[in-house]
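K.L.:
Build the full structure now, drawing on both the sequences and the hints.
Note that the sequence shown ends on residue 257 in our numbering; no numbers are left out.
The reader is advised that the hints may include incorrect statements.
[Stated by the list, open to error] Each computed DSS-like pair below joins lysine-lysine, with the alpha-carbon atoms no more than 30 Å apart:
id: 1; residue 1: K19; residue 2: K132
id: 2; residue 1: K30; residue 2: K19
id: 3; residue 1: K30; residue 2: K241
id: 4; residue 1: K30; residue 2: K132
id: 5; residue 1: K116; residue 2: K141
id: 6; residue 1: K241; residue 2: K19
id: 7; residue 1: K30; residue 2: K141
id: 8; residue 1: K250; residue 2: K19
id: 9; residue 1: K210; residue 2: K241
id: 10; residue 1: K210; residue 2: K30
id: 11; residue 1: K210; residue 2: K132
id: 12; residue 1: K30; residue 2: K116
id: 13; residue 1: K250; residue 2: K210
id: 14; residue 1: K210; residue 2: K19
[To be verified] Now the in silico label distances, taken between C-beta atoms and shown as ranges:
id: 15; residue 1: E221; residue 2: A253; range: 34 to 42 Å
id: 16; residue 1: A246; residue 2: L68; range: 48 to 56 Å
id: 17; residue 1: L41; residue 2: Q147; range: 19 to 27 Å
id: 18; residue 1: S256; residue 2: G45; range: 54 to 62 Å
id: 19; residue 1: G7; residue 2: L41; range: 17 to 25 Å
id: 20; residue 1: P15; residue 2: G134; range: 16 to 24 Å
id: 21; residue 1: T74; residue 2: A246; range: 54 to 62 Å
id: 22; residue 1: E221; residue 2: L6; range: 28 to 36 Å
id: 23; residue 1: Q252; residue 2: T37; range: 33 to 41 Å
id: 24; residue 1: K250; residue 2: E164; range: 47 to 55 Å
id: 25; residue 1: A151; residue 2: P15; range: 33 to 41 Å
id: 26; residue 1: H18; residue 2: D100; range: 14 to 22 Å
What the hints contain is simulated information worked out from the structure, not anything from laboratory work.
Glycine included, C-beta positions come from ideal geometry on N, C-alpha and C.
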Amino acid sequence: GLTMALGNNIGYFGPYEHKLRNIAEVPHWKGCTAGQTAIALEADGTVKGCPSLPTVGYAGGNIRELSLEEIWNTSPEIHFGRLRSVDDLWGFCRTCYYADVCRGGCTWTSHSLLGKPGNNPYCHYRALELNKQGLRERIRKVEDAAQSSFAVGRFEVIRESVPENQTDAVINWQGMPQQTDVQIPVNFPEAEVYDQNPEGRVPPELERCKACNQFILPDEEVCPACETNVAEANTQYAEDKQRWEALMAKIQAVISR
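P.N.:
Right, dumping it as structure tokens:
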């Protein structure tokens with residue numbers, strides 16, 4: 001069979017998260033892995049935490065001058081993701097339900113769009129939550145990238161009302177409604193250094209609500225997504241699972257005859 005690895009622009013914590021990431025031991029997004037389980041080496045020896053990240057602001061050193069071990073262990077441009085906290089997020093991501101787990105999604109995506117990480121509009125959960133409020137977002141380029149490797153342009157996120165007849169339909173970008181909110185990006189020449197938690201951080205593991213399949217914090221008593229009692233849903237799921245397994249055993253016995 002095929003193993004599918006999701007691109008970051010699929011977004012995070014949508015209704016199919018448990019299916020799309022089911023190859024992982026914990027089948028949900030757990031934050032940017034740059035400088036944690038990923039590393040990148042450019043042709044000139046520059047080391048970064050991820051192949052996608054821009055060179056400016058994320059170059060942790062050069063293996064022609066330093067050992068890879070030294071760069072990995074001491075460079076803030078490499079280990080920023082290990083120390084990032086919710087305090088480093090902004091915009092929608094700062095107050096998101098999944099902020100402490102997600103930490104703003106892919107660093108490259110948010111940095112390349114808005115000039116710094118921590119606010120990521122390419123998110124399934126975000127799009128659904130805004131849609132509940134009758135809002136949507138679109139990206140508009142305001143400046144081309146420089147003519148250099150890994151350079152990024154400048155963009156803005158425009159938040160606007162969704163016309164009633166387009167709430168659940170394919171969006172036609174012709175004749176856009178009046179803008180309701182614009183997030184103007186800021187160019188930062190250097191990446192932020194995250195040092196609020198010098199011991200590093202391990203994102204909490206979420207549990208899946210057995211009623212709606214949305215991921216929730218482990219101490220929730222009532223699912224914030226579907227408002228189901230979590231304990232009752234777990235009990236019902238266990239009973240259903242037992243019946244499913246009994247039926248599968250019967251089917252297997254018939255097939256084996």
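K.L.:
Hint numbers the structure violates, sorted upward?
P.N.:
none
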